Structure formats: structure tokens, C-alpha cells
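Can you build the whole structure from these sequences, using the hints too?
Chains as they are written, first to last, in my numbering: chain A, 1 to 175; chain B, 1001 to 1446.
Incorrect hints may have been included.
In silico EDC-like links for lysine to aspartate or glutamate, alpha-carbon gap of 20 angstroms or less [said to hold, decoys possible]:
#1 A/173 <-> A/157
#2 A/31 <-> B/1189
#3 B/1149 <-> A/22
#4 B/1149 <-> A/19
#5 A/31 <-> B/1169
#6 B/1194 <-> A/62
#7 B/1310 <-> B/1329
#8 B/1079 <-> B/1051
#9 B/1194 <-> A/70
None of these hints come from the bench; they were simulated from the model. Keep in mind that this is a model prediction, so the values were computed, not measured.
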Amino acid sequence: MIEMTTRQAEHLPPGFEAEADELVSHYPVSKRSASLPLLHLWQNHFGFVDDSGVEWIAAKLDLTPVNILELVTFYPWFRREAAGRTIIRVCRTLACAMAGSYAVKEKFCEAVGLNPHAEHHGFGCAPPTTADGKFSVEFVECLASCGSAPVALINDDLVENINTSDIPSLVEKLK
Amino acid sequence: MANFLTTPHPKERRIIFENISKPGYAPDIATYLAHGGYESLRQALAMKPSEIIDAVKAANLRGRGGAGFPCGTKWSFIKYDDGKPHYIVVNGDESEPGTFKDRYILHQDPHQLIEGLAISAFATNTHLAYIYIRCEFPHAARIVWNAIKEARASGFLGKNILGSGFDLDIFVHQGAGAYICGEETSLLESLEGKRPYPRIKPPYFPAVLGLYMKPTIVNNVETLCHVKHIIRLGAAEYARMGTPGDGGTRTMCVSGDVVRPGTYELPCGSVTLRELIFDVCGGLKPGRSLKAVIPGGSSAKIMRADESYKLKVKGDDGKMTEKEIPMLDVVMDASSLQSVGTMIGSAGVMVLDDSRDMLWALNNLNQFYAHESCGQCTPCREGSLWMSKMTTRMLAGGTLPADPGNLKNVADNIAGRTVCAFGEACSWPTQSFLEKFPEEFKRADI
Chain A
1 MIEMTTRQAE HLPPGFEAEA DELVSHYPVS KRSASLPLLH LWQNHFGFVD
51 DSGVEWIAAK LDLTPVNILE LVTFYPWFRR EAAGRTIIRV CRTLACAMAG
101 SYAVKEKFCE AVGLNPHAEH HGFGCAPPTT ADGKFSVEFV ECLASCGSAP
151 VALINDDLVE NINTSDIPSL VEKLK
Chain B
1001 MANFLTTPHP KERRIIFENI SKPGYAPDIA TYLAHGGYES LRQALAMKPS
1051 EIIDAVKAAN LRGRGGAGFP CGTKWSFIKY DDGKPHYIVV NGDESEPGTF
1101 KDRYILHQDP HQLIEGLAIS AFATNTHLAY IYIRCEFPHA ARIVWNAIKE
1151 ARASGFLGKN ILGSGFDLDI FVHQGAGAYI CGEETSLLES LEGKRPYPRI
1201 KPPYFPAVLG LYMKPTIVNN VETLCHVKHI IRLGAAEYAR MGTPGDGGTR
1251 TMCVSGDVVR PGTYELPCGS VTLRELIFDV CGGLKPGRSL KAVIPGGSSA
1301 KIMRADESYK LKVKGDDGKM TEKEIPMLDV VMDASSLQSV GTMIGSAGVM
1351 VLDDSRDMLW ALNNLNQFYA HESCGQCTPC REGSLWMSKM TTRMLAGGTL
1401 PADPGNLKNV ADNIAGRTVC AFGEACSWPT QSFLEKFPEE FKRADI
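This is the structure in C-alpha cells:
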């Protein structure tokens, strides 16, 4: 993991810029449209978006940095600081809450060793993360799987019909 | 995969979901072609574009995203030969609480969407389209993108599709976790790389000033899939499955306190709420009775189980008479739900039994809307937060006698005073919960 004191843009891997250019080519009318794809590309690689990322993407798209920063601070998906390697996003909204999602989130927090009652508001901050950097747990709004509630998105994978008693073994496998 | 019966319920008619969760059905093009894939595109390319639009109109297809606008009418706002570029943007930002249908199409049958989209593009003289997929469906984005590449390699996309002279490029665009991007003008701003604040209508109707200020069609994933089947079956046969104002089938998502929650595809207008809950979904959990239903996604006004509605119906003698319809006998179609003061919306049906506390349920939704308000319009930004703070405090045991009135006052001052329909979406739950369940909010603690 790269420390906060270094600029992410100084650590671009080979092929990164070519991948960025390929994404820009999907938007023949206006390359500004590539803002979100480039932010995803950046965050997927570095884990979060620092100032150098904001500046690099803005320069790539002939924008000013604030055009990119205002997206990072708007969309809940983007972060300005590192989160855990495994991010557990528990659905909070009605159908999942009716099926026990508050208990599910609490159990996940306990299983990974986080305070289940820590407040988290997003806006670029990373969700509560374990000291070893392995896990983050947060509530998110509706994940569009209400018929198999409660659900959680663990990195890229949806876990459905979660039973709180299965959570410790589920977390053990993720360690 | 959860949410689907392996054998369809006898009341179901699976058109859109014919191959979903079918053993051995993969999202690749070989499987799709083996199931008759891209035959409807071939058929459509031999038609006049105006004939396709007429067919979609005659099919009575309404949008499946929530607003329910007649699809053919939406398309006819685009002038075929106006010399401007046209765009189609597919709304795959599925995030209305209670709705879970497009995710199965995107993950399991992406070519169905691509075929429907290609037909729609041909009909409207569109050569560039984007499929906007929420980023919480990362596998779906990869699957759809792979399907686009397959379709291009097989000549169903790209230049001179199947020798017709028609060109179409499609790209996938991922969202970043904001519910507001499901609002069509917000989605366009998001796709333009800007902060996704909805645009004001007028003048920014997408069909006039849409993506890059050019005529644009924004359609839901499921809606475009239906277009394929309108061509395949013919408009008349497709329309016959539904009701006069609501053709074809509709995928209904049922969640909450039923024995078999899930996604069911039913002919429009073919079931009442009673049949949907007690037959299709296997009824309530043992020992429970029905308390309330939210019929069309979380924004739809809630219905109370023990209420009935006085509706004007046409009698056998052709005269209009007033008839009392119990809540459970309301038909699950667009016009019936509208006539009882709510809406079919995205057909996300949330069922609440007698174990549920209405203040708790409303507070959950208020927190959702407070989190998701984009912040552009003051009544919504502030009002959604106030409503959430009030119900949170009430739930914690701090209800004041004036709270129900104040809640209603806040909600009444959001709806109609905002740029987009989020203002209505966030006030309707509070307004309808207070109206239908007043006794649950009058519990002054202090």
C-alpha cells in the first residue's frame, strides 16, 4: 500500500495510461464523459483517489481539477483515503432491514473486529477499517436484491439470504 | 440463483425471463443464437423504421423504469430525419428500493438487451448508445461489455449491421453509487461527466435536449428487452397479453413478509394483489396477517390492508356505477393502482405484515431519501433530512404531539417544489404513511 505522503500519480503501472486512453475512446463526442470511468480505473488500482489522481485525470480530459474533485465528493463510491482490502457493504434499506440487516452489519463488524456503532457518513472518507487494513464494513443503500434479503456486496460479489450465524465462518474464509 | 422459481408459477408467462435461471443457459452469444437470438433484429432491419415505432405504439408498451410513459410515444418525439445525432441511453441504474429485475437480465441474458437496443436504435436513426449500469453490479458491467464485443464480432453491432447499411456502437458506462442517477436527466449529466444534478424540464426534455444537448431516448433495461418480443410476436399478440393501456408482460418484484419473495413475470393486469401475495408468493408467514403493501417501489404511496376504495366501474348495462373495492382486490396494473391513489412504478412490491412498526418502516425510507437527495434543490435537500431526523427522534422515544403535523408540513412543502421527481418520491412515503396509519404516529412520549 502506498503511503499518504507519496503521490499516487508517481506510481502509475505500465499500461495504465493506455487503458485510460482506451476508456476515453468510448466517448467520441466529449471526453469529459470519461471522468467516471477514469475515477473507477484509478480507485480500482490505488484503492482511493488522492490529489494527484484528481489532477492527473483532469489533465487527461482537459478539465480543471475541481471538475473531478466535485465528482469524488458527490458519489458515495469514491474515497480520498484507503479502505480495507475486503470491503463488506451491507444493504441497509427497507426489505433488507426487515430481514435483519442491522444485526447482519453488527455481526460482520464483530467478526472482523470493528466497533459496530461507529458513525460513517461517506463524502470521501473511508468506511471504518480494521487496523491491519484487511476489512472495511459499511452500510449502503438498496443493492437491488430485495427478494433475497438480507444481502451484502463483498468486494465484487453479492452474498444473499445472509444468516447471522454463518457470518463468522464467512469472514474466516475472507481472511 | 435466489429469487426465481425453477418452474414458473402457473400464473406466470415468462417472455423476458424465459431463459433466466434456466439450467445450462449462459450469457454468451453461442447460447443466445441457439435460442433464436438476433432473429428479431434481422426481421426488424427488413422493416421500415416507422413501422417499428408503430408496432411499439400498438403494443401499448409502457416504460418499466417507474414513470410508466408509453414507449412508442416517447420514441416518436425523436424526428427521424432532423439531421442531428440521436442517442439512446439505457437506464440500468436499478436502485429503487424494492426493485430487482434488471439485474437478472444484465447478468444472465445481456444479448437480449443488446438485440432490443439495436432494434430501437434502428427505429430512431441512432448510431451511438450507452448502457448505464450501477457500479454495485460489477460483474454485470463485465458481462454486458463482453456481450457487446461478441455481438460486434458477429456483425450484430458496428458498421453495416447484417448488410443493412445501419451502424451502431454501444458502450457500457458505470455509475458510482448514487440513486439520483436513475432519474433520466441526472443520468445524462452523470454520463457527460458532470455532477449529476437533474436538469429542469422544460426545456431539457431528453427527446429535445438530451445527451450532449441532442435528441436522446432514455429507456429502462426491461423496456428495451420488450421491444425485441414485440417484433418477434407481433404487436397485436404482444398487446393481447396485457390490458388496453398496459400491454405485454411485466416483471414484478415481491419482497418483505411473504413466503416466496422473488421476481415473477406476469401478463399486465392479470393478477390482483390478493392473487400476487397469497397465490403467486405463497402467502404470508405462518400466523401473520397483512398490514400494508407498497406496490411500486419505495416511492409509491403505501396501501393499507383493511381499507377499500370507492371506484367508478362500468356495469353490465354500460352505465358507470360506484363500487367498493377492497384493497386486496385491486388489480396490479398501471391504471388500477393510479385510480386508488398510488402507482405501479417499477412494480417493486413490498409486503408488510402485522409485526411491522410503521414508524420504523417510514424512518428507514426517510433515511434512504435523506442519504440520496442530490442537494440541488433546498426543499428536498433540507426537507428529506428534517423528515429523517424527526422520525429518528420519534423512534428513539421522543415523539412530540406536534410531530405528525410537522412531518406532513415538511413533506407537503417538498413535492412540486423541486427540479425533479425525487421531491415527490421522498414526500410520498411520509404523506401516505401518516394518512393511512395515523394511530401509529400519535404516540406522544414527551
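Okay, the hints, checked on the actual structure:
no.	hint	verdict
1	A/173 <-> A/157	holds, 14 angstroms
2	A/31 <-> B/1189	holds, 13 angstroms
3	B/1149 <-> A/22	holds, 14 angstroms
4	B/1149 <-> A/19	holds, 17 angstroms
5	A/31 <-> B/1169	holds, 16 angstroms
6	B/1194 <-> A/62	holds, 14 angstroms
7	B/1310 <-> B/1329	holds, 12 angstroms
8	B/1079 <-> B/1051	holds, 14 angstroms
9	B/1194 <-> A/70	holds, 8 angstroms
Checked against the numbered hints above, the structure violates none of them.
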